[in-house]
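A.B. asks: Based on the sequences and whatever the hints tell you, model everything.
Listed below are the residues making up each chain.
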Amino acid sequence: MAMWITRPRNITHHLKTNIGFLEFFKYQRIWLRTSSYSNPLPSNLIAKNYGSTSPPLLRDWASFFTARRYKSENAAKQVVDEEKQALDFLGGSVTFTSDLEFISESPEKKVHCYRVLDDNGYPITSTRLPQVSNEITMKMYRDMVTLQIMDAIFYEAQRQGRICFYATTTGEEAVNIAPAAALTPHDVILPQYREPGVLLWRGFTLQEFANQLFANKEDYGKGRQMHVHYGSNKLNCFTMSAPIATQLPQAVGAAYSLKMEKKDACAVTFCGDGGTSEGDFHAALNFAAVMETPILFICRNNGWAISTPLSEQFRSDGIAVKGQAYGIRSTQVDGNDPLAVYTAVRAAREMAIVEQRPILIEALTYRVGHHSTSDDSTKYRPADEIEFWRNERNPVARFRKWIERNGWWSEKEDSQFRIEVRQQVMQAIQAAERIEKPPLSEMFTDVYDQTPSNLQEQEEMIREAIKRHPKDYPSDLPV
Amino acid sequence: MAVVFQGIGATAALTSATSVDSKKLYILSRRLVSETKSTFMVVRSDGRLNSGSNRRAQKLITNAVATKADSSPATKPGHELLLFEALREGLEEEMERDARVCVMGEDVGHYGGSYKVTKDLANKYGDLRVLDTPIAENSFTGMAIGAAMTGLRPIVEGMNMGFLLLAFNQISNNCGMLHYTSGGQFTIPVVIRGPGGVGRQLGAEHSQRLESYFQSIPGIQMVACSTPYNAKGLMKAAIRSENPVILFEHVLLYNLKERIPDEEYILNLEEAEMVRPGEHITILTYSRMRYHVMQAAKTLVNKGYDPEVIDIRSLKPFDLHTIGNSVKKTHRVLIVEECMRTGGIGASLTAAINEYFHDYLDAPVVCLSSQDVPTPYAGTLEEWTVVQPTQIVTAVEQLCR
Chain A
1 MAMWITRPRN ITHHLKTNIG FLEFFKYQRI WLRTSSYSNP LPSNLIAKNY
51 GSTSPPLLRD WASFFTARRY KSENAAKQVV DEEKQALDFL GGSVTFTSDL
101 EFISESPEKK VHCYRVLDDN GYPITSTRLP QVSNEITMKM YRDMVTLQIM
151 DAIFYEAQRQ GRICFYATTT GEEAVNIAPA AALTPHDVIL PQYREPGVLL
201 WRGFTLQEFA NQLFANKEDY GKGRQMHVHY GSNKLNCFTM SAPIATQLPQ
251 AVGAAYSLKM EKKDACAVTF CGDGGTSEGD FHAALNFAAV METPILFICR
301 NNGWAISTPL SEQFRSDGIA VKGQAYGIRS TQVDGNDPLA VYTAVRAARE
351 MAIVEQRPIL IEALTYRVGH HSTSDDSTKY RPADEIEFWR NERNPVARFR
401 KWIERNGWWS EKEDSQFRIE VRQQVMQAIQ AAERIEKPPL SEMFTDVYDQ
451 TPSNLQEQEE MIREAIKRHP KDYPSDLPV
Chain B
480 MAVVFQGIGA TAALTSATSV DSKKLYILSR RLVSETKSTF MVVRSDGRLN
530 SGSNRRAQKL ITNAVATKAD SSPATKPGHE LLLFEALREG LEEEMERDAR
580 VCVMGEDVGH YGGSYKVTKD LANKYGDLRV LDTPIAENSF TGMAIGAAMT
630 GLRPIVEGMN MGFLLLAFNQ ISNNCGMLHY TSGGQFTIPV VIRGPGGVGR
680 QLGAEHSQRL ESYFQSIPGI QMVACSTPYN AKGLMKAAIR SENPVILFEH
730 VLLYNLKERI PDEEYILNLE EAEMVRPGEH ITILTYSRMR YHVMQAAKTL
780 VNKGYDPEVI DIRSLKPFDL HTIGNSVKKT HRVLIVEECM RTGGIGASLT
830 AAINEYFHDY LDAPVVCLSS QDVPTPYAGT LEEWTVVQPT QIVTAVEQLC
880 R
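So the sequences go chain by chain: A and B. Sequential numbering from 1 applies to the first sequence in our numbering. Sequential numbering from 480 applies to the second sequence in our numbering.
Where hints are given, some of them may not hold.
Unchecked claim - Heads up, simulated BS3-like pairs for lysine-lysine below, C-alpha to C-alpha not over 27 Å straight-line:
1. A:437 <-> A:467
2. A:234 <-> A:262
3. A:262 <-> B:603
4. A:234 <-> A:263
5. A:467 <-> A:217
6. B:808 <-> B:777
7. A:437 <-> A:139
8. A:262 <-> B:598
9. A:263 <-> B:603
Said to hold, decoys possible - Simulated DEER-style distance windows between Cβ atoms:
10. A:387 <-> B:697: 43 to 49 Å
11. A:292 <-> B:586: 54 to 60 Å
12. B:586 <-> A:350: 33 to 39 Å
13. A:473 <-> B:697: 17 to 23 Å
14. B:586 <-> A:96: 28 to 34 Å
15. B:862 <-> A:309: 54 to 60 Å
16. A:469 <-> B:835: 23 to 29 Å
17. B:613 <-> A:102: 24 to 30 Å
18. A:454 <-> B:808: 20 to 26 Å
19. B:575 <-> A:159: 57 to 63 Å
20. A:111 <-> B:862: 56 to 62 Å
To be clear, the hints were calculated from the coordinates, so they are not data collected in a lab. Fair warning: this is a prediction, and the values are worked out from it, not measured in the lab. Don't be surprised by glycine CBs; every beta carbon is placed ideally from N, CA and C.
C.D. replies: Right, dumping it as structure tokens:
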């Protein structure tokens with residue numbers, strides 16, 4: 001028991017010396033029954049140092065006396081019996097305590113982060129090395145490199161004015177590729193917008209990425225959704241929607257659908273640290289727990305939500321701790337360690353499907369690039385912080401050291417591969433630029449399953465306008 | 480477009496895409512059948528608008544359509560039920576027919592729904608198909624959208640339409656849009672339904688008319704039911720539709736009783752209903768206001784007027800074909816709605832009629848709507864905020880001068 005409480009100089013203190021014992025006991029029972037104080041406690045009784053040093057408890061001095069002052073056995077037994085009683089509450093049996101306690105706002109120990117390879121790609125000897133096949137390991141690395149190069153070139157294309165928007169995943173390659181590697185093609189994925197890697201893993205080609213960015217007629221979205229918001233139903237990846245966290249309750253719905261059909265698959269959804277502030281995040285976690293749906297919530301905690309750092313986003317110890325508040329099993333992993341992420345997602349998927357429960361995985365990483373091409377992050381964060389994470393904590397370089405040391409890859413192969421990928425991306429861009437844009441009719445289809453009359457009319461109106469004033473409309477617009 | 484399934488007699492009518500100029504006179508739909516030969520179809524809606532705290536019993540117009548009454552009720556085919564039971568029947572039939580149909584909402588499971596629309600369904604179909612959700616409208620609407628994209632056909636019940644304002648983000652940004660932005664890859668066949676409209680002293684937040692806010696969202700369809708017959712038909716059509724449909728029910732209409740056919744029937748989601756054919760003036764209305772209009776019609780008939788009353792039913796898109804034919808006949812239009820004056824369904828309908836049928840109008844389109852105020856709680860104030868039959872009679876008299 002903490003002994004930092006100063007000796008109270010109030011009525012109870014006097015009472016213990018002056019009144020008879022039974023009177024004192026009666027007074028004790030009054031204290032035990034009430035759960036709230038009508039007067040604020042004197043500040044000398046409130047612990048000033050919360051945190052890891054002292055136990056975060058606030059004690060009332062009445063119970064302090066209870067533990068030490070009883071001479072009568074009967075009285076002591078009665079108090080102990082009361083403390084052992086439990087309340088048969090609707091949410092479950094609740095044991096009483098006569099020590100007023102406040103759960104601390106921060107845990108004594110921060111949540112531990114799971115990693116397998118250290119910063120230089122050496123396996124941490126104390127951990128059991130997960131068994132990942134060579135094939136998957138190499139595909140993971142190659143896809144991470146592809147993603148890295150693709151990002152760089154598309155970003156440059158935007159800067160050259162060839163596309164009007166792009167958002168890179170620089171620094172988060174591992175958290176993009178590794179979860180996809182750990183899933184099966186039947187698992188339904190609902191990404192946020194910084195996870196093109198999951199599509200890449202599943203087989204979305206560079207040409208298909210470029211088509212979406214150039215919004216040409218080969219784009220599966222038919223040129224309607226904004227850049228970087230890919231979607232492919234044949235790869236089981238839902239089309240990304242711009243508002244943050246709206247995909248989280250939708251993912252619960254998808255998981256519910258899988259649960260109803262008893263499929264051996266789960267729903268997987270991504271969000272960022274900023275997305276966890278949205279109401280949808282909390283409701284989705286709550287729903288998933290209540291409905292016992294097989295779903296993985298993978299949160300890419302990359303430190304920044306545009307210009308909002310973590311300290312201004314939430315005050316909890318990361319995101320993994322939020323899971324317990326909803327009754328969800330959670331873990332925290334090093335998001336820049338592909339093997340760790342792979343292992344965690346694999347295990348989580350197993351639990352989610354077999355036990356029909358949601359799992360929350362927080363992957364710690366860093367957003368090296370700007371939020372998007374409309375952002376200059378040097379305005380709100382130091383450039384050397386960015387460089388540190390780009391170089392020292394680069395997930396691709398780290399993984400490369402691991403595979404090269406194992407003899408599965410060489411520097412020569414690496415540079416050769418990078419040249420090839422670069423060429424492919426450039427070709428994809430050039431081809432996508434040349435492909436026609438979607439025709440005007442595609443503006444009016446798919447609003448409903450069949451185009452209704454008012455939309456047909458509106459299409460007629462715009463066609464007439466184009467015919468009458470062809471110079472006012474883009475000449476390369478297919479009609 | 481939805482197709483009309485008629486189990487009545489031998490006429491099977493198919494409506495094509497609504498275009499103003501097609502020869503619709505040849506198409507027999509239910510409304511015309513009911514006028515010519517009413518065998519078992521008694522369009523009778525008893526005006527018992529019961530809610531728990533109803534002190535003022537308003538007796539509304541009963542038989543508004545000119546039909547030949549049958550003698551003995553025992554020989555009438557069909558069965559009588561209340562509107563909420565009709566909704567339930569439609570829902571149950573669809574759940575029986577298609578295992579992918581599921582319901583989600585607050586208290587829909589074992590409680591049976593706040594208005595008993597899902598009563599006993601959880602016992603029959605299980606907790607998973609009739610899902611009780613925590614209180615987070617945006618989230619269970621989002622959940623329905625995700626489930627729909629994965630292959631289910633969910634029905635979302637909002638306990639009150641006003642709460643669906645919390646779901647606006649999911650309805651607008653996702654439900655209406657994802658079919659389009661995904662390039663047609665994902666369909667979202669959800670039905671979002673719930674009671675709205677001004678009730679009996681339920682307060683401003685429980686008396687919202689959400690059709691005004693939702694009407695702009697591209698990609699969704701909106702329908703409003705007003706009788707047990709059209710409630711069941713529209714519910715079934717909405718569930719079978721591939722598009723997201725919002726079905727607006729009215730808090731005060733749940734206890735309407737009517738005899739509906741035993742056979743299965745589905746109504747067209749884009750069709751309006753001819754309640755009372757006439758010659759002098761077209762009165763367009765929907766949901767509860769239909770009954771106020773029919774009550775006014777009784778008075779008007781006594782005064783020598785012949786109003787044509789159309790229940791527009793389809794709020795998005797408007798059935799401009801039926802409305803157009805009526806305007807071409809009568810040349811005068813009165814719109815009676817419960818929405819607020821600004822930006823309501825009546826406002827959009829006025830604009831549409833003026834745009835398309837301006838040449839056929841002999842008088843400006845008049846729209847009677849609620850005032851632009853939050854619905855007051857006090858009974859008298861609440862009554863004044865809703866359009867009353869006397870106001871309708873006055874408006875008709877003025878228009879027909």
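A.B. asks: Hints first: check each against the structure and report whether it holds.
C.D. replies: Checked hints:
1. A:437 <-> A:467: With a Cα-Cα distance of about 18 Å, the restraint between residue 437 of chain A and residue 467 of chain A holds, given a limit of 27 Å.
2. A:234 <-> A:262: Measuring from Cα to Cα gives roughly 20 Å; hence the hint holds.
3. A:262 <-> B:603: Distance of about 19 Å is within 27 Å: holds.
4. A:234 <-> A:263: Holds, at roughly 17 Å.
5. A:467 <-> A:217: 22 Å, holds
6. B:808 <-> B:777: Holds, because 21 Å separates the two Cα atoms, which is no more than 27 Å.
7. A:437 <-> A:139: 33 Å, violated
8. A:262 <-> B:598: Since the Cα atoms of residue 262 of chain A and residue 598 of chain B sit roughly 26 Å apart, the hinted pair holds (cutoff 27 Å).
9. A:263 <-> B:603: 23 Å, holds
10. A:387 <-> B:697: 43 to 49 Å: For residue 387 of chain A and residue 697 of chain B the Cβ distance comes to about 45 Å; the hint holds.
11. A:292 <-> B:586: 54 to 60 Å: Given about 19 Å between the Cβ atoms, the range is violated.
12. B:586 <-> A:350: 33 to 39 Å: Hint holds: Cβ distance 35 Å, inside 33 to 39 Å.
13. A:473 <-> B:697: 17 to 23 Å: 22 Å, holds
14. B:586 <-> A:96: 28 to 34 Å: At roughly 32 Å between Cβ atoms, residue 96 of chain A and residue 586 of chain B fall inside 28 to 34 Å, so the hint holds.
15. B:862 <-> A:309: 54 to 60 Å: Cβ of residue 862 of chain B to Cβ of residue 309 of chain A: about 55 Å, so the range 54 to 60 Å holds.
16. A:469 <-> B:835: 23 to 29 Å: 25 Å, holds
17. B:613 <-> A:102: 24 to 30 Å: 26 Å, holds
18. A:454 <-> B:808: 20 to 26 Å: Distance hint for residue 454 of chain A, residue 808 of chain B holds at roughly 23 Å.
19. B:575 <-> A:159: 57 to 63 Å: 59 Å, holds
20. A:111 <-> B:862: 56 to 62 Å: 59 Å, holds
In the structure shown, a violation is registered for the earlier hints numbered 7 and 11, in ascending order.
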